[in-house]
Amino acid sequence: MERKTKINAEEGKQEILITREFDLPLDLLFRAYVEAEIVEQWMGTKVLKLESKKHGSYQFETTDPQGNKYRFNGVIHDFIADNKITRTFEFESTPLGIQLEFLNFEKVTDDTSRLAMRVIYESVAQRDQQLKMPFAQGLNMAHNRLEEVVSKLK
Amino acid sequence: MNLRRDVFQAIADPTRRAILVLVASQSMTAGAIASNFDTARPTVSKHLAILTECELLEQEQNGREVYYHFNAKKMKEIADFIEPFRKFWDDRFNKLESIMSKYKPKK
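Protein chains in written order, with this note's numbering: chain A, 1 to 154; chain B, 1001 to 1107.
In isolation and in its complexed conformation, chain B is listed as follows (with noise of 0.2 Å):
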């Protein structure tokens, strides 16, 4: 199993779902997405190259730029990628069910 082609792998880092998530709004270059965080340049480099690897990214080459697309495409190809979301709430209303359980009203 090569994890650094998983695209749930790509997705389990904090940084890379932040790239996504700025680049599903616009298509834009690297040194656009790099200025978006305080990592260094090389190390968001580096995730571009995973997210790319794993077809998340698409590059594509505009003039002198090479522009990086979000490709929802892929993303539909996760699994149910309702899942997350549903896992999401699932974890919250758990978690809600267990405070109230123990819950002693205060007078």
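If we strip away everything but chain A, and leave its shape as in the complex, we get (with noise of 0.2 Å):
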């Protein structure tokens, strides 16, 4: 199994480093996140307003398989292309409050690059319990797969 993405979370601190290579260029990366109808597809979610740019800001919605609608906005402080985002992040209407992150972009080759995302909440508190909980609705998918591998096991 790959394991591309690596999560840095040290013991007693408020922030979590999330690190990726990819196998694409540097403007694709990018782009990834810029634009709207891309985002809507890698992540899952229905993007109601993403302005790409400083003092932009974002919407997202996200309807899980039960029905339940879940939003997530933020503001953008900073926005160099193929560089740098720095943007807050909330998850509406639960108790992690609103992070910090830092996204920055860079080439390693041609054709490849990577990602740093540096997420800081506002207490350690916080931050422990968004990697504790069971909890974002994205970790559905890694329980379900959890599911399929135990239910082999039958």
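Take every hint as true, because none was put in to throw you off.
25 Å max Cα-Cα, derived DSS-like pairs, lysine-lysine:
hint, chain 1, residue 1, chain 2, residue 2
1, A, K84, B, K1095
2, A, K53, B, K1104
3, B, K1046, B, K1074
4, A, K4, A, K84
5, A, K46, B, K1102
6, B, K1102, A, K4
7, A, K49, B, K1104
8, B, K1095, A, K107
9, A, K46, B, K1095
10, A, K6, B, K1095
11, A, K107, A, K53
12, B, K1102, A, K84
13, A, K107, B, K1102
Treat the hints as calculated values from the structure; they're not laboratory data.
Put the two chains together into one complex, using the hints given.
Written as structure tokens, this is what we have:
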């Protein structure tokens, strides 16, 4: 199994570092964050609003298989094409608060690129809650996979 | 292998995950938990029983009421629980990669 995505969450810190290398040129990687219809595809969410520019804002809405709707929003503080996005992130109506995200995009080779995403929480407790809880809608996927694996063990 | 006692099996169910999320923010009675779901009360009780059996929830008698607490310690025991989080991002990024590798810019 590939382990291309790395998570670094140090004990007692209120941040999570997510890094990943892509077999994609830098401009394609960056574009996946900028164009609404592409964001919709890979994040599995509906994009209500996405202003990819300094002082812009965004709002996403995701519907789970049970039909529950979840909204996410934030504002974009800094936006440098093919280089950097600094934004806030809020998973609405959850106790996780608001995070500050620093997304750094860099070229590795002509065909590969790297994303480093530093997510800062208001408190260590909130960060730990994010990591510990079988919580975010997307974790469903991981657990569904787990369910598959478990069901094969029967 | 007793699957009913398997913690991962316990959290594989969306209603049970929702219950954990709810109880993690504050301890609640079974009635208060059930009022958050459209599911029939006995079904919620069954979920609570499974979560308690797996020690993800703990019961505490408080006067006439039984309160359910979230057992964070048990959650910690779950292998490496950063892994689901990592997997979540890995799946997402895999998708991004596969979409963008076929991407043709619109003119």
